[in-house]
Amino acid sequence: MTPSKTVPQMPYKIWHEKPASYKYLRVWGSLAYVKRLVEDKRHSRSSLCRFVEYPKETVVYYFYKPSEQKIFISRNTVFLKKGFPADSRWDEVLLEELSEAPQQNDGTSFEPSVPTDSVPILRRSTRESRPPERYGFLGLTSQLDNDPRTYGEAMSDIDSDKWLDAIKSGMDLMGSNEVWTLVDPPKDVMSVGCKWVYKRKLGANGEVIAFKARLVAKGYTQ
1 MTPSKTVPQM
11 PYKIWHEKPA
21 SYKYLRVWGS
31 LAYVKRLVED
41 KRHSRSSLCR
51 FVEYPKETVV
61 YYFYKPSEQK
71 IFISRNTVFL
81 KKGFPADSRW
91 DEVLLEELSE
101 APQQNDGTSF
111 EPSVPTDSVP
121 ILRRSTRESR
131 PPERYGFLGL
141 TSQLDNDPRT
151 YGEAMSDIDS
161 DKWLDAIKSG
171 MDLMGSNEVW
181 TLVDPPKDVM
191 SVGCKWVYKR
201 KLGANGEVIA
211 FKARLVAKGY
221 TQ
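Here my numbering is used: position 63 in the sequence shown is 63, and no number is missing along the way.
What the hints contain is simulated information worked out from the structure, not anything from laboratory work. Treat the hints with care, as some may be off.
Claimed, not checked - Below, simulated SDA-like cross-link-like pairs (lysine to any residue); rule was C-alpha separation at most 20 Å, straight line:
{"no.": "1", "residue 1": "K201", "residue 2": "S74"}
{"no.": "2", "residue 1": "K162", "residue 2": "S191"}
{"no.": "3", "residue 1": "K162", "residue 2": "G193"}
{"no.": "4", "residue 1": "K212", "residue 2": "D147"}
{"no.": "5", "residue 1": "K56", "residue 2": "L25"}
Build out the structure end to end from the sequences listed, making use of the hints.
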């Protein structure tokens with residue numbers, strides 16, 4: 001929450017009597033070495049990953065690992081001091097990971113022959129071509145930003161039926177908890193508006209495991 005005209009200070013500072021800490025804030029896409037527990041000492045104990053998102057209500061981070069094309073949560077991390085390095089350095093890491101993969105042999109053999117004036121026969125390579133892994137990173141992280149922003153977008157989304165179920169579940173939950181009481185609005189008083197906030201919940205491997213809809217008040221309409 002940010003300061004306002006009526007409250008010039010941040011609510012956090014007023015409530016806790018100390019300023020808020022920003023040491024956990026990171027630039028989206030920053031590189032970090034993520035520590036992991038491994039039983040085999042021959043394997044590396046950390047991996048170079050990209051920071052992509054904050055989980056709610058926990059001081060940890062979501063990271064993307066390109067070699068496995070997975071998004072996971074971790075708190076044992078060491079962020080690079082330069083913050084957001086150039087893509088060339090990231091590409092070098094990808095090349096090192098790709099170089100460790102087994103190479104596919106196309107089975108073509110050549111024998112020495114006497115030079116002739118004939119036109120050489122062109123052969124099409126049988127090697128399978130694959131897009132770089134960095135494009136997989138863009139595809140996965142785009143799921144983090146494609147949630148509907150309005151009710152209209154939710155209803156035109158491919159998962160509109162799941163958003164409707166999420167809205168109904170949210171309404172039922174607020175009704176059972178008696179969040180509000182319906183009354184007639186006072187005269188000459190403008191009511192505060194509200195809107196739905198939609199969010200896809202991702203699992204440890206980056207797959208969608210739930211659809212959430214939360215009703216929030218438009219505080220700026222006061």
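Given the hint that K56 pairs with L25, does the C-alpha gap stay at or below 20 Å?
13 Å, holds
Compare the distance between the alpha carbons of K212 and D147 with 20 Å, and conclude whether the hinted pair is satisfied.
10 Å, holds
Are the Cα atoms of K162 and S191 separated by 20 Å or less?
30 Å, violated
Checking one constraint from the list: CA of K201 to CA of S74, max 20 Å. Satisfied?
Judged against 20 Å, a Cα distance of about 17 Å means the pair holds.
When you check the alpha-carbon spacing of K162 and G193, does it fall within 20 Å?
24 Å, violated
The structure shown violates the earlier hints numbered 2 and 3.
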